[in-house]
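**Q** So the chains spell out like this:
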Amino acid sequence: QKEVEQDPGPLSVPEGAIVSLNCTYSNSAFQYFMWYRQYSRKGPELLMYTYSSGNKEDGRFTAQVDKSSKYISLFIRDSQPSDSATYLCAMTSGTYKYIFGTGTRLKVLA
Amino acid sequence: NAGVMQNPRHLVRRRGQEARLRCSPMKGHSHVYWYRQLPEEGLKFMVYLQKENIIDESGMPKERFSAEFPKEGPSILRIQQVVRGDSAAYFCASSSADGLDSPLHFGNGTRLTVT
Chain P
310 QKEVEQDPGP LSVPEGAIVS LNCTYSNSAF QYFMWYRQYS RKGPELLMYT YSSGNKEDGR
370 FTAQVDKSSK YISLFIRDSQ PSDSATYLCA MTSGTYKYIF GTGTRLKVLA
Chain D
16 NAGVMQNPRH LVRRRGQEAR LRCSPMKGHS HVYWYRQLPE EGLKFMVYLQ KENIIDESGM
76 PKERFSAEFP KEGPSILRIQ QVVRGDSAAY FCASSSADGL DSPLHFGNGT RLTVT
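These protein sequences, in sequence, are chains P and D. 319 is the number that my numbering gives to position 10 of the first sequence; each next residue is one higher, with no gaps. 112 is the number that my numbering gives to position 97 of the second sequence; each next residue is one higher, with no gaps.
Simulated from the structure, these hints should not be mistaken for lab results. Heads up, the beta-carbon is just placed ideally off N, CA and C, and yes, glycines get one too. Treat the hints with care, as some may be off.
[Stated by the list, open to error] With the C-beta cut set under 10 Å, the calculated list includes, among others, these residues of chain D facing chain P:
(1) 21
(2) 24
(3) 28
(4) 58
(5) 63
(6) 73
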C-alpha cells in the first residue's frame with residue numbers, strides 16, 4: 310500500500326465549476342500538507358501549505374485537512390481553463406522528505 | 016527574480032554514456048534537493064545537499080549516481096553509464112532552510128532520454 314494515494318483522473322469539469330481534489334494517506338505522523346500544481350513540461354509550483362488539521366483559504370483555493378480520517382482536499386472555486394494542470398499533494402512528518410501523491414490531472418473545459 | 020534554474024531542459028544520451036544535470040537554486044537558498052519523476056508516478060526523493068555537504072542520499076542508487084553542491088557554482092547530479100531505466104524527468108528544488116517554514120521551490124526539470 311502506498312503511503313499517499315491520489316486518484317490520477319483525468320477529471321474534466323466545465324468552466325466555473327467547483328473542483329474537489331483529494332488525497333488519502335496512511336502515516337499518522339504526517340503533520341505538514343502541501344498542494345502543488347504542475348503544468349505540462351514544467352516543474353511543480355507550490356499552491357497551498359497547511360499544518361495539522363483545519364482549513365486554509367487563498368483566493369479561489371481552499372485546502373482542508375482531516376487528520377482523523379487521514380484525508381486532505383483542495384477545492385478550486387470558479388474554475389478556469391488556466392487551472393487545467395496536474396495537482397500533486399505532498400506531506401511530511403516534519404522533515405525535508407516530502408512524500409508526493411501521483412497527481413490528479415484536471416481539465417477545465419471552456 | 017530568477018527561480019530555480021535547471022539545465023539542460025532536455026538531454027539525450029546513449030546507453031553507457033554519462034549524464035550531467037545542473038541546478039542553480041533560488042537566490043538566497045542554500046538547500047538543494049533532487050527528485051525523479053516517472054510517468055504515472057509521484058516525485059521520488061533522491062538526495063538532499065547543502066553547500067559542500069551531502070546531507071541525505073538515501074533515495075539515490077549507490078551505483079552510477081552521484082551528486083554535489085560545491086561552494087561555488089550549481090549543484091550537479093551525475094549519472095554514469097546510463098541505462099534505459101534512467102530515462103525520466105529529474106527535478107531540482109531549493110529552500111532557504113530545512114525547516115517547514117521554507118517549503119520547496121522546484122525548477123522546470125531536465126528530461127533525460129536514454130537511447
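**Q** Against the structure, test the hints numbered earlier, and report the numbers of the ones violated in rising order.
**A** 3
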